[in-house]
Amino acid sequence: MRMKKVLAVLLATSMLVAATGCGASETEGTGESGSTETKTSTADGGLVPYAEINLGEDFTDLEATITMFNHRTDMDSDDYGGVNWKQYLAEFNKVYPNITVEITTDTNYADDALTHLQSGDYETIMGIPAVDVADLSTYFLSYGDLDTMSEEINYADTWMYQKEVYGVPSTATTQGIVYNKKVFEDAGITDLPKTPDEFIDALKKIKENTDAIPLYTNYAAGWTMGAWDAYYAINATGDAQYANQKFLHTKDPFQDYGDDTHPYAVYKILYDAVAEGLTEDDYTTTDWEGSKGMLNNGEIGCMVLGSWSVPQMKAAGPNADDIGYMAFPITVDQRQFASAGADYSYGINVNAPEDEQQAALVFVKWLTEESGFAYNEDGLPVDASTDETKLSFEGVTFLKDEPAVEGEEDLLNELNAESELNINNGGNTKVQEIIEHASIGDMSFDDIMKEWNQAWSDAQDACGAEVIY
Amino acid sequence: MATALEKTKCWIRSRKGQQVLICVGFTVIPLFLLFLFTYLPFGEMVKFSFYKMKYSTPVDRRTFVGLKNYFDVFHRKDCFGALTLSLYYCVGAIIQLVLALYLATVLSFKVKGGNLFKGLMFFPYLISGIAIGFIFKFFYTRGFVLDTILTTFGLSIEQLPYWLKDQSVNNWSLVATSVWRYFGQNMVLFIGAIMSVDSELYEAAQLDGANKFQQFWHIILPSIKTIVTLNVILSITGSLSAFEQPFVITGGANGTGTYFVVMNEIAHVSQKVGLASAMAVVLLLIIFGCTILQKLFFKYIFRDAESEDESYAAKKARIKAEKAKAKALRAEKKATTSVMQEGV
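One line per chain: the protein sequences are A and B, in this order. So that you can map any letter, position 125 of the first sequence is 125 in our numbering, and since no number is skipped, the others follow by simple counting. So that you can map any letter, position 148 of the second sequence is 148 in our numbering, and since no number is skipped, the others follow by simple counting.
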C-alpha cells in the first residue's frame, strides 16, 4: 500500500519536473560575467571580439562551461581514424583548464539543428544549419565585420549578412570525384577524364576491363544524390558569380548550352551513366556505409562526392593509398575549375551569458588556428595565415562562390523552396528521379531539364526575381 | 480568518473533501497535459496552414496567404496523388486482418505449441520500425535473402523482379513488410476477444451439428464485432498515413512516396511549413470521413447482432405481424361499429 503511494508521488513529481524542466536552465550564471579577467581589458568589460583574442595569453583563467552541437558523430568514437573530439578537448584544456566544453553530435544534424534553434534553447556553439541569412542575428553572435574577419579567416563571407560575419568555418572542402586509382589503372585509363564524354568512356573501360562497378550512385542514402548539386556552378561554369548571383536571374538555367558545360552537363553525366548501365545493378538497395569499403577494395571505380569523403574512404579498408581525388570532368575554355567552400561553420549563441560567449569565441579561434582540425580532416585551410593542406589537385583553378549581392541574400533560398528543386539544399529527390527515369527510360533527359526550367521560371515569377541572363 | 482556515483544513481532511480533491486532481492534470501536448500544438498547426513560412522564419515575418495552401494540396499532383498509394496499403490492411482473424480463430482452440506460435507471430511487432527497415532493405536486395530463398525453390534469378527497383512491385514489397509487422498485433487483440466468448455456446452449437466454420460465422464473429470494427478502423487509418516502411526502406523514392512521406519532404526539405500543415489538416479530415463511413458500414453489416434477442429478419417479421395485427384490429373495430350502426 505504502509502496503504491510512494510510486504515485514519484510519478506525479516526475511529470511536473518534465513539464517545467524545459525553461529552467536558461537563467544560470548571468551574474558572473563581470568577474571575467580580460588581459586586454576593455574598459566596460564587454566581449573581446574574435580578431583581438591572443590565443594562449588571454582568458587562460576564464571559467565557463559551454556546449557545442555538431554533425561529426564519427569523431565521438575512440576508433576514429583521425583526431577525435576527446583528443581535441584534452589539447584545448591544457591551455584553458577552466573552460569545459561539452560536445553533442547528431546523425540527423541538418534537421535537428533547426529544431534546436526554433526551440530557443540551443547550444553555445552550433554548426550553422540552413537558416535564412536575414535571421542570422536573431540566433548568432557577430564575430566582427567582414573586412576584419577576412584578414583572420578564409570563407568569411559564407555566413555574412550586412557585412557582419556570423560563422567561422570548421574546415573547407573542394568538390570533385573520389576514385580508386588501381581500378582506373587496371581499366587502362592513363589520363584522368576531363570532359563528360571522356568520363563516360572511362566508365565504359572500367566496365569492360574490370569487375568493379564503374560509378556507384549511392541512390538509397538520399543525401549522396544531393551531393551532385555541388558541381553546377564553379565546376561547370568556371564563374564564381554563378551560384549566388547569375543563377538566380538566368532564364532556363538547365538548358543545353551545347558545349558540355553548365548544370545541364553535370546531371547529364549521371543520366547517361545510368542509361548505359555503368552504375550498380539495383540502385534502390545501395548501402552507404558498405560503399566506403567497396571503393577501398576496388569493387567500385568512383563516386561523386566532396573531398571531405576522402579520409573516410581511406579509413574504410587496407588500401588507403589507392584512394585518389580528381576534378569533376567538365572543361570550360580548356581549363578545369573546382569550387572551394566552407563546411559547417561555427555560430555562437547570441542569447548566451557573456562569459560563455567569450569562452566560445576562444574555443572557436583555438579550433581554427591551433587545433589543426582543417588539416587533419583533409580540408583546405580556414585560418588565413596558412596554406597547409593534404589535398593535391593539379592544374585545377580553385574558386570560391561569391556571396549574393546585397538585398538578395535570401533569394536563392526562396527560389529553392518555391521551386522545390532545393539545389545544394537537400534536394535529393530530384536527382534520384534522374536515375529512375534513366533506368526505366520513361522520360528523356531533355524533358527532365525542361521540367526543372519550368519550376525555376515559376519560382522566379513567384519570388519576383528579375530575369537578366 | 483563522476559523475559516481551520474549516478548510478540516474540509480537506474530511472524506468528502478528499473525494473532491482527488476528482479534481485526476481530471485537471490529465486534461491539462492533453491540452498542452495535443490540442495546443494542433491549434498552432492549423494556424500555420494559413501562412507562408519556414521553420526559422520569425513570427513577425510570416505572411498570411489564406486558403492558398489548401488549394495547392488539391492542385498539386504529388500531394493529393500520393493518396492513391494508400490503396496498396488498404489492400494490405484487409489481407492483414483476414490473416490475423484466421490465425486467431485457429489459435484460440486447442493447438499444439499454440503459445509458441502466438509469440513468434507477435514478435515482429516488438521490433523497432527502423530496425525493420534495415532488415527488409537487405531482405529485398538483389541476390540476398529473398532471392536466395526463391532460387532454392527452382526459380532462376532472371525470373525474379527487382523487389524495390521495379515500380510495379516495389509498393507491394513495402506493403508486405507492413503486413508482416502488424498482423501479429491484430491477431493478439482478436485472440483476447475470442477468449471471452462463452465456451458453452460452442458446445451447444456442436450438439446442434454446426461445423467449425459455422461456429466462427455465427458465434465468434458476432461476439467480437467491436474488436473487429476497431481493428479495421485502425488499419485503414494506418494505411492512409503509412510512413515508416517507405521512409526507412526506400526513403520515399522511386514511386513509393506516400502522403506522409511527401508531407515530411515538403515540411523539412523545402520548408514549406504552411503547405505541409495544410496537408496534415486535409489528411485529418479524410481520416475523419473514412472513420465515419466505416462506422456506418459496420452498423449496416452487423445490424443482425445489433438487436440482442432477435435477428434482423425476425424483427422485420415481428413488425410486419404487429402491423397486420393492428390492421386486423382496426378492421374488426370498423366492422363492429358498422354492425352497431346497423343495429341502431
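Please keep in mind that the hints were generated in silico from the structure rather than gathered at the bench. Each hint should be verified, as a subset may be incorrect.
Computed cross-link-like contacts, DSS-like style, restricted to lysine-lysine with a CA-CA straight-line distance of at most 27 angstroms [unchecked claim]:
#1 B:Lys225 <-> B:Lys295
#2 B:Lys77 <-> A:Lys251
#3 B:Lys16 <-> B:Lys118
#4 A:Lys94 <-> A:Lys246
#5 A:Lys400 <-> A:Lys163
#6 A:Lys246 <-> A:Lys86
#7 A:Lys450 <-> B:Lys295
#8 B:Lys316 <-> B:Lys327
#9 B:Lys323 <-> B:Lys333
#10 B:Lys333 <-> A:Lys450
#11 B:Lys225 <-> A:Lys251
#12 A:Lys400 <-> A:Lys86
Each hint, compared with the structure:
1. Among the hinted pairs, Lys225 (chain B) with Lys295 (chain B) is consistent with the structure: their alpha-carbon atoms are about 12 angstroms apart, no more than 27 angstroms.
2. A C-alpha spacing of about 25 angstroms is found between Lys77 (chain B) and Lys251 (chain A), which places the hinted pair at or below 27 angstroms, so the restraint holds.
3. At roughly 48 angstroms between alpha-carbon atoms, Lys16 (chain B) and Lys118 (chain B) are farther apart than 27 angstroms, so this suggested pair is violated.
4. Under the criterion of a C-alpha separation no larger than 27 angstroms, the hint pairing Lys94 (chain A) with Lys246 (chain A) is inconsistent with the structure, at around 48 angstroms.
5. Our distance criterion of 27 angstroms between C-alpha atoms is met by Lys400 (chain A) and Lys163 (chain A), whose separation comes to about 18 angstroms.
6. This hinted pair does not check out: Lys246 (chain A) and Lys86 (chain A) have alpha carbons roughly 43 angstroms apart, beyond 27 angstroms.
7. Simply put, Lys450 (chain A) and Lys295 (chain B) have alpha-carbon atoms about 47 angstroms apart, too far for the 27 angstroms limit, and the pair is violated.
8. Distance hint between Lys316 (chain B) and Lys327 (chain B) is fulfilled; the C-alpha atoms sit about 16 angstroms from each other, no more than 27 angstroms.
9. Taken as a hint, the Lys323 (chain B) and Lys333 (chain B) pair is honoured in the structure, with Cα atoms around 15 angstroms apart against an allowance of 27 angstroms.
10. Simply put, Lys333 (chain B) and Lys450 (chain A) have alpha-carbon atoms about 87 angstroms apart, too far for the 27 angstroms limit, and the pair is violated.
11. Simply put, Lys225 (chain B) and Lys251 (chain A) have alpha-carbon atoms about 62 angstroms apart, too far for the 27 angstroms limit, and the pair is violated.
12. Between Lys400 (chain A) and Lys86 (chain A), the direct Cα distance comes to roughly 32 angstroms. Violation of the 27 angstroms bound is thereby established for this hinted pair.
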